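Novice: If you want the building blocks of each chain, they are given just below.
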Amino acid sequence: DQQVKQNSPSLSVQEGRISILNCDYTNSMFDYFLWYKKYPAEGPTFLISISSIKDKNEDGRFTVFLNKSAKHLSLHIVPSQPGDSAVYFCAASTSGNTGKLIFGQGTTLQVKP
Amino acid sequence: EPEVTQTPSHQVTQMGQEVILRCVPISNHLYFYWYRQILGQKVEFLVSFYNNEISEKSEIFDDQFSVERPDGSNFTLKIRSTKLEDSAMYFCASSEGGTYNEQFFGPGTRLTVL
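Residue numbers (our numbering), protein chains in the order written: chain A, 1 to 113; chain B, 1001 to 1114.
Since the hints were made in silico from the structure, they are not lab data.
There could be a bad hint or two in this list.
Simulated crosslink set (EDC-like; lysine to aspartate or glutamate; CA at most 16 Å straight-line) [stated by the list, open to error]: (1) A:K68 x A:D55; (2) A:K5 x B:E1044; (3) B:K1078 x B:E1068; (4) B:K1042 x A:E42; (5) B:K1083 x B:E1018; (6) B:K1042 x A:D24; (7) B:K1078 x B:E1018; (8) B:K1083 x B:D1063; (9) A:K56 x A:D31; (10) A:K68 x A:D31; (11) A:K71 x A:D55; (12) A:K38 x B:D1063; (13) A:K38 x B:E1044; (14) A:K37 x A:D59; (15) A:K37 x A:D84; (16) A:K37 x B:E1102; (17) A:K71 x A:D31; (18) B:K1057 x B:D1071.
Quick caveat: nothing in here was measured; it's all calculated off a predicted structure.
Isolated chain B (complex conformation) (with noise of 0.2 Å):
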């Protein structure tokens, strides 16, 4: 069964670096999204892109990050300049469509900012 997968699962980084997190969707998937788990918090929307451009963000996605479909297959988040706060997990989702699809999550990546 295709499943979206993520690399690395936890990150560990020093407060002011930056940081990539990479994912890959289902393959036949159009819709891509990132989302984050603060500890002990509800699932948080933060970015979703489309036809190679980022369709709506969230008001937590600032000017520090970023995302990118470098090569037709992977999908990253980029974090310039990490923050106490931006510890988290954050989750990769894709679906085929946009809403009335279901979105297949991967198993995040678990980012430790020091």
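Bound-form chain A, shown alone (with noise of 0.2 Å):
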């Protein structure tokens, strides 16, 4: 049950430039999108969100960019620092239910210096 789906294992930039990570989802009741960060051995760390509301959602040098009628999100980085090296999920959740999250599988971004 792939409802979020993260199609790239892995994505390489150098530093200076910017990363653009893709995610895709199936379901229609999701209204509430979140991107984290996983360092190895450590738990998810939340980034930057976006409600179903908005198109758009800007933090520093990350930004979430949804497409509702695509069912597609990508999260922005500009620009890339080394230090951003590490593995990318995309969830979501539906209103009214518990916040519960659906996780994609990952990308691994690596950040050449």
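Assembly of the complex is requested from the two constituent chains, each provided in isolation within its own frame, with the hints serving as guidance.
Specialist: As structure tokens, this is what we get:
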């Protein structure tokens, strides 16, 4: 049951360039989306979120774009830094439930100096 | 900065034994969650807990699993009779509200069932 998909297992980017991580979902009831970053041996760390009433949310170097008609969201990191190297998870939830998050498989981002 | 803590960081147990994983959520948070990640797989929801009761559970969360908030600060996950396939990283998370609130995750407990 892959309601949230991250089709790229890995991404490599040069320091200073833009990193674009993609996520697709199938459940049209999802109305809140989050991105988490995870380092080895640590728990996921919240990065940024977006509700379905918006199409863009920005926080510093991180911007999330939501295309509801395509059931697609993306995370842009500009400029990318070596410290951004981690696994990035897209997650989604539905209002009216308990906040249960459905995660994608994750994309490993490597930012090369 | 407040954070979610979990103990132990690593638990090794024999198949059939009971384990209790412990979590201390952020103090003013009202919603509590357990997730797990089997090696190489995605993070999966197990259970959510609010107002001292389970509010939602997944198919994974069968009768072998239980959760408790025994003293107003700790939040525990018990597995009564562990199986090999229970080996995973278990993450506790908490949030101020339900939906539209980010969840803060602990560092995880690595459970190894032999």
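Novice: State for each hint whether it applies.
Specialist: Right, here's what the structure says about each hint:
| no. | hint | result |
| --- | --- | --- |
| 1 | A:K68 x A:D55 | 8 Å, holds |
| 2 | A:K5 x B:E1044 | 13 Å, holds |
| 3 | B:K1078 x B:E1068 | 8 Å, holds |
| 4 | B:K1042 x A:E42 | 15 Å, holds |
| 5 | B:K1083 x B:E1018 | 10 Å, holds |
| 6 | B:K1042 x A:D24 | 15 Å, holds |
| 7 | B:K1078 x B:E1018 | 7 Å, holds |
| 8 | B:K1083 x B:D1063 | 13 Å, holds |
| 9 | A:K56 x A:D31 | 13 Å, holds |
| 10 | A:K68 x A:D31 | 9 Å, holds |
| 11 | A:K71 x A:D55 | 11 Å, holds |
| 12 | A:K38 x B:D1063 | 30 Å, violated |
| 13 | A:K38 x B:E1044 | 15 Å, holds |
| 14 | A:K37 x A:D59 | 14 Å, holds |
| 15 | A:K37 x A:D84 | 9 Å, holds |
| 16 | A:K37 x B:E1102 | 13 Å, holds |
| 17 | A:K71 x A:D31 | 11 Å, holds |
| 18 | B:K1057 x B:D1071 | 22 Å, violated |
Consistency note: the structure conflicts with the earlier hints numbered 12, 18.
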